[in-house]
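Spelled out, the chains give:
Protein chains: 2
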Amino acid sequence: MIILSIDPGYERVGIAILEKIPRGKETLLYSECFKTSAKLPHPERLFLIGQKVHNIIEEWKPTCLSIEKLFFNTNQKTALAVAEARGVILYEATVADLSIYEYTPLQIKIAVTGYGRSEKKQIALMVPRLIVVDKKISSDDEFDAIAIGLTFFASDFKNRS
Amino acid sequence: MIILSIDPGYERVGIAILEKIPRGKETLLYSECFKTSAKLPHPERLFLIGQKVHNIIEEWKPTCLSIEKLFFNTNQKTALAVAEARGVILYEATVADLSIYEYTPLQIKIAVTGYGRSEKKQIALMVPRLIVVDKKISSDDEFDAIAIGLTFFASDFKNRS
Numbered sequence: 001m002i003i004l005s006i007d008p009g010y011e012r013v014g015i016a017i018l019e020k021i022p023r024g025k026e027t028l029l030y031s032e033c034f035k036t037s038a039k040l041p042h043p044e045r046l047f048l049i050g051q052k053v054h055n056i057i058e059e060w061k062p063t064c065l066s067i068e069k070l071f072f073n074t075n076q077k078t079a080l081a082v083a084e085a086r087g088v089i090l091y092e093a094t095v096a097d098l099s100i101y102e103y104t105p106l107q108i109k110i111a112v113t114g115y116g117r118s119e120k121k122q123i124a125l126m127v128p129r130l131i132v133v134d135k136k137i138s139s140d141d142e143f144d145a146i147a148i149g150l151t152f153f154a155s156d157f158k159n160r161s
Numbered sequence: 162m163i164i165l166s167i168d169p170g171y172e173r174v175g176i177a178i179l180e181k182i183p184r185g186k187e188t189l190l191y192s193e194c195f196k197t198s199a200k201l202p203h204p205e206r207l208f209l210i211g212q213k214v215h216n217i218i219e220e221w222k223p224t225c226l227s228i229e230k231l232f233f234n235t236n237q238k239t240a241l242a243v244a245e246a247r248g249v250i251l252y253e254a255t256v257a258d259l260s261i262y263e264y265t266p267l268q269i270k271i272a273v274t275g276y277g278r279s280e281k282k283q284i285a286l287m288v289p290r291l292i293v294v295d296k297k298i299s300s301d302d303e304f305d306a307i308a309i310g311l312t313f314f315a316s317d318f319k320n321r322s
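Protein chains in written order, with the numbering used here: chain A, 1 to 161; chain B, 162 to 322.
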């Protein structure tokens with residue numbers, strides 16, 4: 001089973017492709033931190049994010065999307081821009097007929113570190129223990145995307161939209 | 162010149178198609194309040210909104226999109242859902258290569274009523290005075306969509322994204 005998992009963002013989108021074989025360990029097939037330039041017009045950045053997701057789905061043919069639920073943070077302007085990007089990601093996933101699963105930051109942290117208020121550092125520490133990773137991961141957004149995918153595998157197909 | 166103007170929403174999307182002929186008055190070619198059912202899964206509603214915008218663009222072939230900028234209102238949860246829908250609308254417009262113009266509620270109210278804090282009632286009163294309308298408009302969302310389009314025509318191609 002191949003899934004796409006995404007840490008939604010506007011400046012940076014964490015993207016991961018995870019595979020799970022029955023009785024086997026989860027494997028990371030692909031991950032990246034996709035960035036859009038602040039120099040581009042706002043709709044152009046949404047366009048690039050949508051096209052990226054479209055191409056990733058076309059290439060890896062996942063059956064599900066695991067994505068983080070959005071909550072309000074301190075920066076409300078950022079939250080709206082991230083929500084717009086998240087809308088585009090959900091849209092491309094629905095166009096491609098993926099089943100969509102959404103998880104709160106709390107659920108993700110508990111699934112990966114056992115503790116709902118864990119720091120980013122703990123997530124980066126736990127991810128390589130939970131999944132076979134053959135590459136160096138440097139960005140928090142990639143770690144988060146992988147953690148969101150691991151939450152899906154830990155959740156027995158719960159939280160379907 | 163034919164433009165698409167949209168009052169972005171999640172439950173209800175105000176959609177209008179406006180035409181302006183050089184030296185002629187603006188004419189409303191089409192408008193509707195597109196609704197999505199609360200019974201549907203969240204991504205499915207975004208999908209329907211995107212497909213609606215796609216089909217409207219295909220049918221009317223507008224060259225521009227005029228759309229309201231989003232601000233935080235009292236209901237933050239709604240704001241995020243509306244932002245997601247707005248992202249999908251901007252995405253479909255960019256895919257179709259439309260030029261995109263964004264206006265604040267203040268700009269829209271000033272363009273249509275001359276006063277930045279006007280009520281919805283005033284907008285409904287002024288819209289038929291500013292544009293040729295051959296149908297009965299019943300929803301605020303349609304009035305708002307038309308007002309957003311009129312703001313574009315009043316703004317001399319300013320506020321391009």
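Treat the hints with care, as some may be off.
Here are the simulated BS3-like cross-link-like pairs (lysine-lysine), alpha carbons at most 30 Å apart as the crow flies [said to hold, decoys possible]:
hint : chain 1 : residue 1 : chain 2 : residue 2
1    : B       : LYS222    : A       : LYS52
2    : A       : LYS69     : B       : LYS230
3    : B       : LYS181    : B       : LYS281
4    : A       : LYS136    : A       : LYS20
5    : A       : LYS39     : B       : LYS281
6    : B       : LYS238    : B       : LYS181
Since the hints were made in silico from the structure, they are not lab data.
Okay, the hints, checked on the actual structure:
no., hint, in the structure
1, B/LYS222 to A/LYS52, "holds, 26 Å"
2, A/LYS69 to B/LYS230, "holds, 23 Å"
3, B/LYS181 to B/LYS281, "holds, 24 Å"
4, A/LYS136 to A/LYS20, "holds, 20 Å"
5, A/LYS39 to B/LYS281, "violated, 36 Å"
6, B/LYS238 to B/LYS181, "violated, 37 Å"
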